[in-house]
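> Could you put the whole structure together from the sequences, leaning on the hints where they help?
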Amino acid sequence: MHKSLLRVAAGALSLALLMFGSACGSGGGDDAASASGGGTVTWYTPMPEEPARRLAEAFTAETGTEVEVLRQSAGELLARLKAEAGRPAADVIGLASGDAGPLAKEKLIRSFKPAAEGIDKRFVDPEGYWHANELILMTVGVNADRWKEETGGAPLPTTWDELLRPDLKGQLVMPNPTLSGTGYTFVATQIFRHGDEAGAWKFLDEFHKLIGQYTDSGGAPSQLVATGEYAAGVSFAHDLLNVRGAGFPIELVYPKPTGVVISGNALVQGSPNPQGGEKFVQWLQGRKASQMIVDLVHSYPVRSDVDLPDGAQGLAELDLVDYDPVRAGEMRDAVSKEFAKRYGV
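Per mature numbering (1 follows the signal peptide of the UniProt record, and there is no 0), the sequence shown runs over residues -25 to -1, 1 to 320.
The hints are simulated quantities; they were obtained by calculation from the structure and are not laboratory data. One or more hints might be untrue.
Straight line, CA to CA, 35 Å or less: simulated DSBU-like cross-link-like pairs of lysine-lysine [stated by the list, open to error]:
1. K231 / K184
2. K263 / K144
3. K263 / K82
4. K177 / K316
5. K263 / K96
Now the in silico label distances, taken between C-beta atoms and shown as ranges [as the list claims (entries may be wrong)]:
6. G187 / E24: 19 to 27 Å
7. L290 / E226: 15 to 23 Å
8. G187 / G127: 46 to 54 Å
9. A33 / T134: 34 to 42 Å
Note that the structure is a prediction, hence the values are computed from the model and not measured. Cβ atoms here follow ideal geometry from the backbone N, Cα and C, with glycine treated the same way.
What follows is the structure, encoded as structure tokens:
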């Protein structure tokens, strides 16, 4: 595995230094997690609606426990969780591992340590605050026809800097990082690849000049590029694989170097149905649910017994930044405020 992926794991493991409190539960088995029915689990998730619904239905069919799904962007869900502090409506919230540290400090999520058979140990939080379900890669989607039209047939970009072309002014689309986890991951990737914020903001100043639209959700750029409204867009790999699989003329570019984050779920402190939430989180980490996530979302698995999505490059083939999920979570508010101030979003 690429050494930078190990850095992701090391960053995730260092989350333990930020955590406190004791575990609130212990686990059962992999796909053997079951519930006897009763109650409803409320799940806040940035996962696309269709996969989230299918997962919820599969859990209900297997356990008898209903799952109510609220799908919003990662930024919107974090804001909702904070607004509901002390009287939460959710039992489970989807998040990137780096967001867990600040949320645990604010006592908005709680620890739970289920059994983790089959999960790569590098993606297991020793303090039990977040529960990994997938690896998310930062990529660029290119509409082959629009790219040829706008650039005169130039080669596709292989690095982030190769996107800084004057002939692409108004032809790029990306999610608003103050609202979208995808957009924020892109900005954090630039900070980590440059090694400091000064170099990243210099790049982002030039990138901003080419942007035709900042979208509210992370999935929107892949759709706008697929339909030809823009020549290229920042997106997670799974969103682009989904639209390419639907037959759109879109090319998937893994810029060198790019970011990878661990995405999963956490249990909400003081939730209405804590036991149901625990069973759902544990079920989502089982092999069956993990394969469903890969098949429906096209993200990378955290289990060794799950197949990669069709058309995806293997992790060992990619050039990855040293993406520190803990630092990414800690600097999110400050970076988002600076982005909004600079670019008026």
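> Does the structure keep K263 and K96 at a Cα separation of 35 Å or less?
19 Å, holds
> Starting from the range 15 to 23 Å, see whether the pair L290 and E226 falls in it by beta-carbon distance.
Because 20 Å falls inside the window, the suggested range holds.
> Does 46 to 54 Å hold as the CB distance between G187 and G127, or does it fail?
With a Cβ separation near 19 Å, G187 and G127 fall outside 46 to 54 Å, so the hint is violated.
> Given the hint that K231 pairs with K184, does the C-alpha gap stay at or below 35 Å?
21 Å, holds
> Keeping to a limit of 35 Å between CA atoms, is the pair of K263 and K144 held or broken?
45 Å, violated
> May I ask you to test the hint 19 to 27 Å on the CB atoms belonging to G187 and E24?
The hinted range 19 to 27 Å holds for G187 and E24, with Cβ atoms some 25 Å apart.
> For the pair we were handed, K177 and K316, check the Cα-Cα distance against 35 Å.
15 Å, holds
> Using the beta carbons of A33 and T134, state whether their distance is inside 34 to 42 Å or not.
40 Å, holds
> With a cut-off of 35 Å on the C-alpha distance, tell me whether K263 and K82 pass.
31 Å, holds
Violated hints, in rising order: 2, 8; the structure is consistent with all others.
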